[in-house]
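Residue numbers (this note's numbering), protein chains in the order written: chain P, 1 to 464; chain Y, 465 to 842.
Each hint should be verified, as a subset may be incorrect.
Below 27 Å or equal to it, Euclidean Cα-Cα: the simulated DSS-like pairs (lysine-lysine) are [as the list claims (entries may be wrong)]:
#1 Y/K502 <-> P/K396
#2 Y/K586 <-> Y/K629
#3 P/K25 <-> Y/K748
#4 P/K75 <-> P/K169
#5 Y/K502 <-> P/K420
#6 Y/K569 <-> P/K396
#7 P/K63 <-> P/K169
#8 P/K214 <-> Y/K569
#9 Y/K748 <-> Y/K502
#10 Y/K569 <-> Y/K631
#11 P/K396 <-> Y/K562
#12 P/K25 <-> P/K63
#13 P/K25 <-> P/K214
#14 Y/K748 <-> Y/K736
#15 Y/K469 <-> P/K25
#16 P/K420 <-> Y/K467
Which bits of chain Y does chain P cover? Going by a derived footprint, with three or more residues having C-beta under 8 Å, they are [unchecked claim]:
#17 590-603
#18 717-723
#19 812-818
Quick caveat, the hints were computed from the structure, so don't treat them as lab data. Small disclaimer: the values here were computed from a predicted structure and weren't measured. No residue lacks a Cβ here, since even glycine has one placed at the ideal position from N, Cα and C.
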Amino acid sequence: MVFASLTFLFLFFPASLIIYYLVPKKWRNIPLLAENLLFYAWGEPRFLLLILFSTVVNFFFGKAIGKNAESRRRKCLLALAVVIDLGLLVFFKYTNFLVASLRLLPGMGWMAQTEIALPLGISFYTFHVISYLADIYRGDAPAQKSILRFGVYITLFPQMIAGPIVRYKQIQGQLEERTCTSAQFVSGIRLLLVGLAKKVLIANQMGVLWDAVKASGSTAGLLGSWAGAAAFSLQIYFDFSGYSDMARGLGELFGFELPINFNYPYIASSVTDYWRRWHISLSLWFRDYVYIPLGGSRHGMRVTIRNLLIVWVLTGFWHGANWNFLLWGMYYFVLLAAEKLFLQPVLKKAPVWVGHLCAVLSFLFGWMLFALTDFSTIGRQFQMMFGFGGLLPDGKLLYQILSYLPLMIIGAVGSTPLVKRLYDRTEGSRAHCAVECVCCVAALLLSTAALISQSYNPFLYFRF
Amino acid sequence: MQKQKQERVLIAIFLLLIFGFSVTFWLLPKSSFSAEEKRALQPAPEFSAATVGDGTFASTVESYLSDHFPLRRELVGLHAYGSLICGNNGQNGIYFGKDGWLINKPVSVNPANFQQNLDSIKDFSQKEHLPAYLMAVPTTGFIMDDELPDAHEDYPDAQLLGEAKAKTEGAVQWVNLAGVLSSHSADAPLYYHTDHHWTSRGAYLAYDTFACDVGFHPMAQAAFRVRTSGGFYGTTYAKSGFWFTRPDTLEVWQNPNLTAKVEICEDGQQAKTSDNLFYWGQLKNEDQYPVFLNGNHSLVRLCNPNSSGKRLLIVKDSYANCLAPFLLAHYSQIDMVDLRYFRKTAASQLVKQDRLTSILFCYGLDDLVNDRNLSLLA
Chain P
1 MVFASLTFLF LFFPASLIIY YLVPKKWRNI PLLAENLLFY AWGEPRFLLL ILFSTVVNFF
61 FGKAIGKNAE SRRRKCLLAL AVVIDLGLLV FFKYTNFLVA SLRLLPGMGW MAQTEIALPL
121 GISFYTFHVI SYLADIYRGD APAQKSILRF GVYITLFPQM IAGPIVRYKQ IQGQLEERTC
181 TSAQFVSGIR LLLVGLAKKV LIANQMGVLW DAVKASGSTA GLLGSWAGAA AFSLQIYFDF
241 SGYSDMARGL GELFGFELPI NFNYPYIASS VTDYWRRWHI SLSLWFRDYV YIPLGGSRHG
301 MRVTIRNLLI VWVLTGFWHG ANWNFLLWGM YYFVLLAAEK LFLQPVLKKA PVWVGHLCAV
361 LSFLFGWMLF ALTDFSTIGR QFQMMFGFGG LLPDGKLLYQ ILSYLPLMII GAVGSTPLVK
421 RLYDRTEGSR AHCAVECVCC VAALLLSTAA LISQSYNPFL YFRF
Chain Y
465 MQKQKQERVL IAIFLLLIFG FSVTFWLLPK SSFSAEEKRA LQPAPEFSAA TVGDGTFAST
525 VESYLSDHFP LRRELVGLHA YGSLICGNNG QNGIYFGKDG WLINKPVSVN PANFQQNLDS
585 IKDFSQKEHL PAYLMAVPTT GFIMDDELPD AHEDYPDAQL LGEAKAKTEG AVQWVNLAGV
645 LSSHSADAPL YYHTDHHWTS RGAYLAYDTF ACDVGFHPMA QAAFRVRTSG GFYGTTYAKS
705 GFWFTRPDTL EVWQNPNLTA KVEICEDGQQ AKTSDNLFYW GQLKNEDQYP VFLNGNHSLV
765 RLCNPNSSGK RLLIVKDSYA NCLAPFLLAH YSQIDMVDLR YFRKTAASQL VKQDRLTSIL
825 FCYGLDDLVN DRNLSLLA
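When you get a sec, could you build the whole thing from the sequences and use the hints?
Pasting the structure below:
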């Protein structure tokens, strides 16, 4: 199930909320687990068994690691569990890609192309599970004794499908006991509605423009290609951060506190800063479970750069099973390494806007590597962005860009903290409550209207 | 204390909205058909192992919710006007034009289909060895371009009409409407504000032009008795979501001296007869356009017992419904074939059986380019 749907907003969510709060506090994990499983199985029930399997297997591995005192056995158990978890991830996510790539090698054409479907959220819950096992192995948290609580952690519906990636030690206390004050509930409503509006009112619309630019192929010209890059950048930011906001909001409504995932990445002052603001929970995961165990940046520049390279190969492929994602990862590896090696001091001396400009340009180009899956299209897009391909798009695309321009400006302003600062200023004043209520109603009604309009499709040649 | 009160207000509003919509949805009676959208609505989802397993249950639930959502019409309007305010005119395929004009966005062209349609017209006319005419009605946006919003996509009508003329040359005589309609577009409305069709005046100009091409004398405008009906909301209104638009006034031009016999045949059904070209009962509906010959049907036979001789075949879409009543004064019989529904018999057989003597292809440009049924012409 997705959050931005009528089924979720007006069936699943109200029903879950009522059932959850009708049950006495100490039993609330039971309805929550049932709700999680229903949420997961909705639309694609066949992978329910897989997630149940993962949950049970890792629960017992966690217990075993927690009980064992001998360090070699602990290590073996951890390694075995991680191999099983990553093995499942690789099998479901990368087999098709590996086979397709192997088939291109000479003499390998005999292999049949596989078509394995990707289970919902596998990239995210695999990381949850690994964080659980690693935290127990390191002694950061005790193994979970109740399979019910562990199941709630792995399948928690607000975050299981697309994060934020909640590390076990952050959330273990809340699995046992959590409260929801009215201040938390209000904050949850706010986050949920802001996220919904971000996704439905901006991201989806920007997606329409980006699709139009993609469809126009080589006729987009300089203006069209930059508008496309801007549209996709806004789409992915509002889509993903909107989802994270909804996840955190829903978490709060059910008493959980989930970590913040985006901190206005588009106002970053350097690429390094950008990656501290974008998808924070993923960066932290890689830092804690890959980068630092490899030695981090404590063993000289050579090892640091090697570790950075490993992290970015993995980050690239984690985002998708295709060569362009590796290219995207390498692109950021090069930029981050360059900043580490020599650029940072230069940027520090330069005027502030230089760093911001570099960061903006880096993500505009970076997203094109991410969004376009084949290299010839990427090449064509870059050519147009560098001015080799005419100036203006054809009339139809130009018109579309103009139509979406106001929304793009709204999006650009919305990706800075400006609106939030203005909003916070009204805090405490009498107008604050009114503003908040109006915004709440407007966000919900406008988003619902947009969801309804997708299906509004009069059949005008009906003849009876 | 103040803060807590404010929090409670927000929580109350939020829960009221979520649960309000949810509960109202369950309580509202569900209809199976939407008169507004003219389509069957999603019936209640069927819960079974098969539908759950393949995911259709989930998608059906979403459509069911969407189709029967409380305040659906108002929410569609909210989205339409909201997008318009954000500069995005034409979200539902309809431009919010000047002076209350709701105009279809330009035709998106499928060149292969267009070519095939023109080939079908050409082939059929050559095979039948009868005088044939092709009349393509330009779109509202092309003729009424002054009423379009300032920023709009270009209308490719001129090029498409030119192509249609060139590619059927030799087999079919081209009836040039674009010039006539453009030059009269400022006098009185030739198209409706809220519908994609032409008005009776627009159809009259086409009749006048066609008469000159064929060589008979058209009747003067003054000879018709005009009956008007207010409150007409047509197709572009229904699609647009711009619910605050003013309705049109529909005009029916009646020839007082004409006695007509109408026979409406659906494939595989008993024919229904009438002696009136206009179905006044249709004026009670929001979309009144079916007042002309009761809308679209597989085959409509019009007979004029007071005329002698000529018998016309019209291969058509809905534009011809308003035109045919003008033409009937000059023919003893007109057979109107709508290929979207005319499936049981071949048109050539009809030509033979009813001894038809000439052919008129009358299509709105949109259908001439994109309709997929013209290839069934045989």
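Structure-based check of all given hints:
At roughly 30 Å between alpha-carbon atoms, Y/K502 and P/K396 are farther apart than 27 Å, so this suggested pair is violated. A distance of roughly 11 Å separates the Cα atoms of Y/K586 and Y/K629; the hinted pair therefore holds under the 27 Å criterion. For the hint pairing P/K25 with Y/K748, the CA-to-CA distance comes to about 59 Å; that exceeds 27 Å, so the pair is violated. Note on P/K75 and P/K169: the hinted pairing holds, with a Cα-Cα distance of about 19 Å set against a maximum of 27 Å.
Restraint check for Y/K502 and P/K420: not satisfied, since their Cα atoms lie roughly 44 Å apart, outside the 27 Å limit. The hinted pair formed by Y/K569 and P/K396 meets the criterion: a straight-line CA distance of about 11 Å does not exceed 27 Å. Taking the CA atoms of P/K63 and P/K169, the gap is near 15 Å; set against the 27 Å cutoff, the hint holds. This hinted pair checks out: P/K214 and Y/K569 have alpha carbons roughly 21 Å apart, not beyond 27 Å.
The hinted pair formed by Y/K748 and Y/K502 meets the criterion: a straight-line CA distance of about 16 Å does not exceed 27 Å. Among the hinted pairs, Y/K569 with Y/K631 is consistent with the structure: their alpha-carbon atoms are about 25 Å apart, no more than 27 Å. The straight-line distance between the Cα atoms of P/K396 and Y/K562 is roughly 20 Å, inside the 27 Å bound, and the hint therefore holds. The suggested pairing of P/K25 with P/K63 holds, with an alpha-carbon distance near 26 Å, which does not exceed 27 Å.
As the CA atoms of P/K25 and P/K214 are separated by approximately 51 Å, the hinted pair breaks the 27 Å bound. Restraint check: the Cα-Cα separation between Y/K748 and Y/K736 comes to about 21 Å, which is no more than 27 Å; the hinted pair holds. A threshold of 27 Å between alpha carbons decides the hint, and for Y/K469 with P/K25 the separation of about 25 Å falls inside it, so the pair holds. For a cut-off of 27 Å, the pair hint linking P/K420 to Y/K467 stands: about 19 Å separates their Cα positions.
Counting residues of the region 590-603 of chain Y whose C-beta lies closer than 8 Å to any C-beta of chain P gives 0; at least three are required, and the coverage claim is violated. Remark: the region 717-723 of chain Y is not confirmed as covered by chain P, as 0 of its residues place a Cβ nearer than 8 Å to a Cβ of that chain, below the required three. Restraint check on the region 812-818 of chain Y versus chain P: 0 residues with Cβ-Cβ distances below 8 Å, three needed, restraint violated.
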